[in-house]
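Asker: As they're listed, the protein sequences go chains A and B. Going by my numbering, the first sequence opens with residue 1, and the numbers climb by one from there. Going by my numbering, the second sequence opens with residue 1, and the numbers climb by one from there.
Treat the hints with care, as some may be off.
[Said to hold, decoys possible] Think about it this way: if two alpha-carbon atoms lie no more than 30 Å apart in a straight line, the pair counts; the simulated DSSO-like pairs of lysine-lysine are:
no.	chain 1	residue 1	chain 2	residue 2
1	A	Lys145	B	Lys12
2	B	Lys85	B	Lys132
3	A	Lys12	B	Lys85
[Stated by the list, open to error] Examples of chain B residues lying across from chain A (beta carbon under 7 Å, computed):
no.	residue
4	Val99
5	Gly136
6	Gln157
7	Thr172
8	Met181
[Claimed, not checked] Label pairs and their in silico Cβ distance ranges:
no.	chain 1	residue 1	chain 2	residue 2	range
9	B	Gly253	A	Glu116	55 to 63 Å
10	A	Ala56	B	Gly174	24 to 32 Å
11	A	Gly261	B	Ser198	33 to 41 Å
12	A	Gly261	B	Arg222	45 to 53 Å
13	B	Ser65	A	Arg127	39 to 47 Å
14	A	Gln217	B	Arg222	56 to 64 Å
15	A	Gly261	B	Gly59	50 to 58 Å
16	B	Arg258	A	Gly253	44 to 52 Å
17	A	Glu101	B	Asp254	26 to 34 Å
18	B	Ser198	A	Ala53	46 to 54 Å
Please keep in mind that the hints were generated in silico from the structure rather than gathered at the bench. Bear in mind the structure is a predicted one, so any value in this text is a computation, not a measurement. Glycine included, C-beta positions come from ideal geometry on N, C-alpha and C.
Protein chains: 2
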Amino acid sequence: MTVTTATLVNGKPGNVIPVSDRGLLYGDGVFETIAIRDGRPQHWPRHMQRLQAGCARLGIQPFASALLAAEAESIINTTGRGVIKLIVTRGSGGRGYRVPESAGCTRIMQLHPWPEYPAACSQEGVRTRLCKIRLGRNPALAGIKHLNRLEQVLARQEWNDADIREGLLLDTDGNLVEGTMSNVFIVSGGVLMTPDLSQCGVAGIMRTLVLELAEQQGLDTRVAPVSREALVLADEVFLTNTLIGIWPVIALGDTSWRTGGITLQLQELLSNSSDYDSGWRE
Amino acid sequence: MTVTTATLVNGKPGNVIPVSDRGLLYGDGVFETIAIRDGRPQHWPRHMQRLQAGCARLGIQPFASALLAAEAESIINTTGRGVIKLIVTRGSGGRGYRVPESAGCTRIMQLHPWPEYPAACSQEGVRTRLCKIRLGRNPALAGIKHLNRLEQVLARQEWNDADIREGLLLDTDGNLVEGTMSNVFIVSGGVLMTPDLSQCGVAGIMRTLVLELAEQQGLDTRVAPVSREALVLADEVFLTNTLIGIWPVIALGDTSWRTGGITLQLQELLSNSSDYDSGWRE
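Construct the complete structure from the given sequences, taking the supplied hints into account.
Answerer: This is how it looks when you write it as structure tokens:
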């Protein structure tokens, strides 16, 4: 079944925003990319929680999650798979960077077709590269999914080889942070590790869920700085995001891995997780 | 004479952009704020040069300056003062961060009224504060005037006191970088210094011009890291941008200064400079 792209701007059908919107002028906003399965948004409460946290960090007026849920329901024109991209900006107004007291917010909700990644990505793993561009470190913006994404755009411009599915990013101090569109985990000596994101990076929904599932299974997990050396020496490496789930990494440049036992175990746990549907209306 | 706000999007009257514009989605673009005096854009060649340099850095398709000049001429509906805000984004297209091969660019040109700053700002100087938020360091984005401006938005949210005209920003290493909307200079022992912007900050048109004028006068100038201590101990401090020219800084929190001789000399040089009009069509 084909999903037709459909867009709501502040709840109304439309596909434009004013040129005065601060999302355009300054990247003054946050976004979520939400998987739809069986016509239902997945991990809805987690997306709402992160969106609210992002708005709170930027000082953007909070919004009613119920309103967004109603809009999501009205826009989903499939009983199958799709993707909702939801953007919340600080709206229009203010000359210069200063936020006017009257500032509200702009909601842009857009339904897209599901990206058909080859099954081999999950089953056989993906090849990656180490990006040249580094991520700047700034705790004020770290963790949230804001609209200032030039670093990711520049990183993604570094390669065109369709065989390379993701680029991994170090920060300016040389620590591993994430992929351009995913979070990254390594397994070393039986310990599951993912980079600390207190200085940069986006704290993905799937990253949190994978950590939770691993802990429920009694796996030893650690959120800490991960050096480039630790990455290369790892026993297993994998990527996560809400659309791909878990992709084993089988290569980073000349370094190669086989899909490891903990990666397979987590893929299995994830596919059996009841988290996907939870919190969405009946 | 009152200036009416007028907007061209890709050369046509309009005030909206598609929600798929990468300027909104990722802050994937650059901008210029251009002063109009006597109905003529000021420092036009310098703005065009910086805009092209920003596009080149981001890999955005180059554009014809002559086209932008024609559009500027058509939009200027005043023989007096005004401001043009010019945004160039990578346009629409591409799923995710990846730039499609067909990517063009979107031009948004908007005429605004001149901001009427009190004459006292130039003549008596301004009070400033030191912002709590720090600027992240990333050479890949430093110097250009790109659309990822959340740091400036957050900095400008730190105060509401109308008596404080500007907030000064340190980077995450503790070095002075700039103001939220201006560049900063200090004078120490007769040497004119402004922070090196190789790691963060926007290289302002007026910053470059002031450095050139100072060098033509045989002043000792230095572009180098400036510590917070050097700022506080400076003999003179001033701010620059294309709309304000030079504003002496008379206070930073509890530290105060008198407007110094070199600041006054540079204000005088600037007001007599022939650079303003140069390069604009007859």
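Asker: Which numbered hints are broken by the structure, listed smallest first?
Answerer: 1, 11, 12, 15, 16, 18
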